[in-house]
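Student: Based on the hints, put chain F in the right spot on chain X.
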Amino acid sequence: MTSFLQALIDATSAGAVYALAALGIGLVFGVLRLANFAYGEIITASAYTLIIVWPMNPVLAVLGAAVVGVAVALAMNYAVFSWLRSQSAATLLIASFGLSILLQRIYEGIFGANVLSASVASGLSTSVNLGGVRLNLLSVVTIVLAAMLLVGVQLFLTRTSIGLQVQAASADFRIARLLGVRSGLVIAVTFAISGFIAAAVAFVLTVQSGTVGPSFGVQPTLFGLIGAVIGGLRNLRGAVVGGFVVGVALSLLTSWLPPEINPFRTAFVYLLVIAVLVLRPNGLFSAGAGKVRT
Amino acid sequence: MKPIVARSGAAVAVAASFVLLAGCVSSAPAESDSTSSAAGEGGGLTIGVVMAETGFMSPFDIPALNTIKMEVDAVNEAGGIDGAPIELNIVDTGSDLDQYASAAQEVIDAGADVIVVTCDYDVASPASLVAEAAGILNIAPCVGDTIYGPAGGLELGFSMGNGTPGESSVMAEFAVDEGWKNAVFLTDTSIKYTVGQCDVAQKRFEELGGTTVGTYDYVQGESIVETVSQITAGTAPDVVFNCGYSPGGAQAAKDLRDNGVTAPIVSGFGMDGTFWLDSVPGLSDYYTVTYSSIMGDDPNAAVNELADGYEAEYGERPSVGSFVTGTSTVQALVAAHETAGSWDGKALADAFLAFDGEDLLVGPTSFTDELHINVERPQRVMKITGGELAFLEERAPEKVVFVD
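In order, the protein sequence lines correspond to chains X and F. Its first residue numbered 3, the first sequence is counted upward by one per residue in our numbering. Its first residue numbered 10, the second sequence is counted upward by one per residue in our numbering.
These are calculated hints, taken from the structure and not from any lab test. In this text, a Cβ means the ideal position worked out from N, Cα and C, and glycines have one as well. Honestly, I wouldn't trust all of these hints.
[Stated by the list, open to error] Footprint (simulated), chain X over chain F, 3 or more residues, beta carbon under 8 Å:
#1 229 to 240
#2 251 to 262
[Claimed, not checked] Short derived list, chain F residues pointing at chain X, Cβ under 8 Å:
#3 T63
#4 P68
#5 D226
#6 T244
#7 D267
#8 G269
#9 W285
#10 S288
#11 F400
#12 E402
So that you can see chain X by itself, here it is in the shape it has in the complex (with noise of 0.2 Å):
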């Protein structure tokens, strides 16, 4: 039973860092049909920041990784992706794939490709035991920064008027357009906000790992991005829900996959999306076909 519960709060924390990154990803794209790979590369910019920060000053380190992952975010907007708007959801797809190795090449030329370490809030690292049941504090940080971030931007989405504007985009830009809302407005408060996410996210990781690289934030991304397509990349809601149940998928298999096969558990999380893209090509939690933007 015990190993059952430390399974479940191993698995809950997993996917809750999957959740923030699909919360993240699932808003820009929700606006602009922009599945943002380079979106790991705003994680790392982040995290950058708190290795190199926080031995100096640990409240500088998190309001610097948040102003630095809404300076990128905002950035990329402006420097690639608002030139690209009237394109394609491919060609947003590969530009951001270009943006994610051009970046990760520009952090290895200024950081060098060897990881930067420093203990970022070791305080989080420390665990008790009840029990029986090893609960690691930072743990319970995460679930608990993911669920007020998620809470939160629900607040900013049904509260507040750029909030609705973003929805309105997110339901239909060109008629959102046409009915008044502002789009360049609109898009770069998605932009924000999602790099404020990331800067979370890069907060959760670098505590947990005291390490960063040039592609510290791709495999996060990775499995975000999934976990936003096998909810509903249109569904924030259902991105969100996806993120966490891949977070939770790969946490579980690991845990009770036989050890023959256990080195084989990613593989059965994509096979699970491919069996989520074949059987809900919109993803579980989206109802009804998407609508082309414009």
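Tutor: Same frame as chain X, now just chain F:
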């Protein structure tokens, strides 16, 4: 017409799979940096270097490459080989697997007599095979896999590295001598080197009476908290073998310590160096088996002198102990040329095979028809205490075991 979202989802999934399968290796054109005038001019040695100055292999390649440059400068300042300077033609592959074959062809076309390749067989072999086909000696300064040689189709291929069977046997023998009976083996499955490392260590550990209480896999970039939960739920290990390399190996070490596993941890060369230590503050009871100490406390004064010279030249100490293999690569070439009398690949290979405990900086060096890599050299056991890396002891394998 299918909805754009469905098509986007499929495209994202395909692209994600592609990135994962590609090992997340960024792609960039190979960059050539010839430090010489015309290649092969004057009949001297031209070394074509096909290594990674950027990308994920560069932390392992750069220390060896830098000492190759230092040793070439030293030889040239002393008059070169038979009065002719050694030329270096360096191509940075960016760690991109696709670049290795073409980069090797590029340096061969430019007149390379010998090829030096990246420190991992999986990555380097396309370049090595091109050299092999051209009848050119190819050397990997610090490949640890015994496949580098005839087993991998490389009759003219030699590694200056310490073979995994020797390194891993030392890891196991050290653990047993410390009195550790129960072991967990954690294997990073992303490269063959670390897989072979744990296979050999486990076999030798059990030969010596140790008991395996768990074997687990991970890959670079993964957190292993689930595995730690399984470890803590089972028989408490006396020692954990972490067969990995940074940053994934560092993540594994951090997850172990953060989640309450206090058992000593033993790793090989992949976890050498100090660059990852800040990620696990106060890390103690961690041991690495490697080529040499980068800390200035190596038992060989020549190694410490080289490390100091490296720091003076490049502004930082070598990141890992394999830096001695770059110097040894040039030393071996000079020695082999004295025997062979030419830069012909077959003649040089025969001269390498004639080495009998050749005194190189990396240690006494011999090769056999089957093994073009050394497995019996003495190695350094380093100990990490309170986040500080220090030399602990020199240790040669008492018995070298192999796995299929």
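Student: Run every hint past the structure and note whether it holds.
Tutor: Do the hints match the structure? See the list:
1. 229 to 240: With 8 residues in contact (Cβ-Cβ under 8 Å with chain X), the coverage given for the segment 229 to 240 of chain F holds.
2. 251 to 262: holds (count 4)
3. T63: holds, 6 Å
4. P68: With a closest approach of 4 Å, the F/P68 hint holds.
5. D226: Where the cut-off is 8 Å and the nearest Cβ of chain X is about 5 Å from F/D226, the hint holds.
6. T244: F/T244 check fails; min Cβ-Cβ to chain X is 14 Å, beyond 8 Å.
7. D267: holds, 4 Å
8. G269: holds, 5 Å
9. W285: holds, 5 Å
10. S288: OK, holds: F/S288 within 8 Å of chain X, min 3 Å.
11. F400: violated, 22 Å
12. E402: violated, 26 Å
Violated hints, listed in ascending order, are 6, 11 and 12; each of the other numbered hints is respected by the structure.
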